[in-house]
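Enquirer: Each chain, letter by letter, is given below.
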Amino acid sequence: MTASEHPEFPFPDDRPGPHWLDEEVAERLLDGELDAAGVDGRAADLARLLALAASEADARPVRPDAERAVMAAFREAHAAGHRARPVRAAGAAPGRRRTRGPRSLKALAGGVAAVFVLSGVAIAAETGTLTHPFHSGGGTPARTRSASPSGTVTGSASPSHDRPAGTTGAPTHTTPGSSPSATPPSSPSPLPGVKGLCQSYAKASQHGHNLDSTAQRRLAAAAGGPAKIPAFCAQFTPAPPPGHTKPTPTASTHK
Amino acid sequence: MGRAEVRRRDTTDDAEFGAALAKAREGDEAAFGTVYRALNPRLVGYLHGLVGHDADDVASETWHDIVRGLGDFRGEGPAFRAWAATIARHRALDHLRRLKVRPRTTELEDGTAEPPAERDSEGLALENLSTAHALSLIAELPRDQAEAVLLRVMLGLNAPMAAKVLGKQPGAVRTAAHRGLKRLADRLGRTGGAEEE
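Sequence lines, in order, name chains A and B.
With the UniProt record's numbering, letter number 136 in the first sequence gets 136, and the count goes up by one each step, no holes.
With the UniProt record's numbering, letter number 169 in the second sequence gets 169, and the count goes up by one each step, no holes.
Chain A on its own, in the form it takes in the complex:
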C-alpha cells in the first residue's frame, strides 16, 4: 500500500472502511484504548494522530487574562451562593440572565426616585401646601416618564459579566420640563430658595422690573421655561394674581 494507490478524493462515507479499521478498532481508537503494540501499523498511526491532537490541545498556551476572568466569575458565582439558579445542562445557555441584574437595579433605583418625587408632591398636596401639584395644563406629567427606563442602560455584551459597579449613567430622573403643561418642580424637591425667588419675581413684576438674569434663569429652569414662571410661582407667592387664593405655602420644601 503506497500513497500512489490513494483513492480518489473525497472518500465516500458510505463505503466500508478498510479492513483494519472495523467497528471494534474504531471504538478502541475513540476510547483511547488502542495500544500501538500488536495492532496494525495504520491503526497505530491513527491512534497517534488522535493522541497528538489531544496533546496539542493540552499544550496550548494558557491565557492568563481568560483564567483570571473565569476565576473572578467563580468567586462571584460562589458569593452569590445559593441564590444562583441551577444551570440545566441541556437548557439554553443561561448566560444573559445575570447581566440583567445591574440593569434592573438601576431601573428600580430610578423607579424609587420617581416614586419619591411623586409621593413628595402628593404629600405636599395632601397637606394643603400645594393645591394643584400638577397644574391642569394638559396630560399627566412626569409619571409616565419616570416609569419607563429612560436612562438607556448599555447592556454590555461582553462575557465579563459585570457586577453592579455602575455609578455611571444611572437614570436620575430630573426630567426638566418634560410635560408641555405648567409642570411644577421637576426636580425631586422644590429648589431651595425658589420661594424667595418667586417673591422677588412678584415684587419685581409689581414694579415693572425684571429679575436679574441669574435669578431669572434659575427661576425659569425651575418652572420649566420663562413663560411658565407666573403659573409656577403662583403656588408659592402669598399674593397671587387676582382671582386666585392660595394658602400660604410653608412646607413646600419637602425633603
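To be clear, the hints were calculated from the coordinates, so they are not data collected in a lab.
Pairs of lysine to any residue, SDA-like flavour, derived with a Cα cap of 25 angstroms:
{"id": "1", "chain 1": "B", "residue 1": "K23", "chain 2": "B", "residue 2": "R37"}
{"id": "2", "chain 1": "A", "residue 1": "K203", "chain 2": "A", "residue 2": "A221"}
{"id": "3", "chain 1": "B", "residue 1": "K168", "chain 2": "A", "residue 2": "E24"}
{"id": "4", "chain 1": "B", "residue 1": "K168", "chain 2": "A", "residue 2": "D31"}
{"id": "5", "chain 1": "B", "residue 1": "K164", "chain 2": "A", "residue 2": "D22"}
{"id": "6", "chain 1": "B", "residue 1": "K168", "chain 2": "A", "residue 2": "R28"}
Quick list of simulated restraints, FRET-style, between CB atoms:
{"id": "7", "chain 1": "B", "residue 1": "D94", "chain 2": "A", "residue 2": "G225", "range": "41 to 51 angstroms"}
{"id": "8", "chain 1": "A", "residue 1": "H19", "chain 2": "B", "residue 2": "G27", "range": "48 to 58 angstroms"}
{"id": "9", "chain 1": "A", "residue 1": "R218", "chain 2": "B", "residue 2": "E29", "range": "46 to 56 angstroms"}
Backbone N, C-alpha and C fix where the C-beta goes; we use that ideal spot for every residue, glycine too.
Start from chain A and add chain B according to the hints.
Expert: For chain B alone, kept in the frame of chain A given last:
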C-alpha cells in the same frame, strides 16, 4: 514524536480531578483552578472543531456559565465533562449565529472547498504531521464527524454520552465518529481506501 504517546492521558479522569471537582463545588477556589486548567484545554480542543480560532473566546463564555451552575451540578468526571461540553456547544452555536456564518461547512462532502491538492494526492505521512496539524486535521472533518470524534477524543466521552451532548442517537454518533476516522486514515495516506473490498 514517540510511539509511547499513543495512549491518551485523560487528566480529568483521575481521583485528583474528582476531588478537585467536589471541592470546587463547595467554593474552593484553588480546586476550581485545578478543574479549569485540566478541562479547559480539552474544551478548547473540542470547540476548535466548531468555531475554529474563536475557540478560546467561546470557551471563556462557557466557563462563565459553568461557574454559575457548578454549585448545583451533581456528577463525576465524565458527567461533568459532558455537561461542560453541552454548554460549550450551545455557546458555540450561539457564536456562529452571531457571526451569521454557517456552521462549519461540510467542505469535504460538498466538494466545493477541497483541501489543497497535495494533501489528497500524497496523503499525510504521520512523520510529517506536526502537533500543530493534528487538531486541525480533525477539525477539518465534516462537522458532525469532527464533533463526534472530538467529543470522544478530547473530552473522553463514550458514544452514549457524546450522543446526549449532540442530541442524537448513540448509533448515529458512533457512525459519524467512525466515518471521521476513516477520513483521517485516508488523509494519512496509508489506508488504501482501495482496500475497501
